[in-house]
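Protein chains in written order, with the numbering used here: chain F, 1 to 116; chain R, 1001 to 1117.
Take the hints with a grain of salt, since some may be wrong.
[Claimed, not checked] Here are the simulated SDA-like cross-link-like pairs (lysine to any residue), alpha carbons at most 25 angstroms apart as the crow flies:
1) R:Lys1055 - R:Lys1041
2) F:Lys73 - R:Ser1054
3) F:Lys108 - F:Ile46
4) F:Lys111 - R:Pro1110
5) F:Lys108 - R:Ser1054
No lab work stands behind these hints: they were computed from the structure.
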Amino acid sequence: AQTVTQSQPEMSVQEAETVTLSCTYDTSESNYYLFWYKQPPSRQMILVIRQEAYKQQNATENRFSVNFQKAAKSFSLKISDSQLGDTAMYFCALRVYGGSQGNLIFGKGTKLSVKP
Amino acid sequence: GAVVSQHPSWVICKSGTSVKIECRSLDFQATTMFWYRQFPKQSLMLMATSNEGSKATYEQGVEKDKFLINHASLTLSTLTVTSAHPEDSSFYICSARRIAGDYNEQFFGPGTRLTVL
């Protein structure tokens, strides 16, 4: 079975500062994807960043980057130059390749508040 | 980018009635669609996975006779909550998976808020 754990229920950061959200996961599979999704107050799920497990290089999307530690099964999200619009729930998710295991497994989420 | 729509965005119904929620992939074909339920301040819980033209696969604990899922075409899936009760009040989110090369990206609808009185 796959599990995703987010140990920080809530975090806050000052505008323009950097914040890191933690995520650990567990799977016995070797081929999988990891994701960070953002859910703003509108509740629309938005993909922030994706990491393929076979890639050693950490994914980066503008101000968002990850620290993927495969051996430790850790997948943290760093948000640089935080903006007010980054205020949202952030969900870490795992998806094993293909078949019936191809469903997204979500963590419980971290509520991020960016303060002016 | 790919767009997934849901209709209605919110619905209020009386206890004992049935409610249908539609999920459409607007600009791509989705062989697989997913239905999630999200309670306030909680994560998304997968209810069922549906493949076009076949019966949905329900997660453990989800009543398939209560939550009827139909995936009649490559762009439309529906969730019908039958004989709804107040405990069914929740936020329902659909997601559609697009096949694109080696990676089947998954897109989310905006959600439907169901309130059962």
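Hints, one by one, checked against the model:
| no. | hint | verdict |
| --- | --- | --- |
| 1 | R:Lys1055 - R:Lys1041 | violated (31 angstroms) |
| 2 | F:Lys73 - R:Ser1054 | violated (35 angstroms) |
| 3 | F:Lys108 - F:Ile46 | holds (16 angstroms) |
| 4 | F:Lys111 - R:Pro1110 | holds (19 angstroms) |
| 5 | F:Lys108 - R:Ser1054 | violated (31 angstroms) |
Of the numbered hints listed earlier, those contradicted by the structure are 1, 2, 5.
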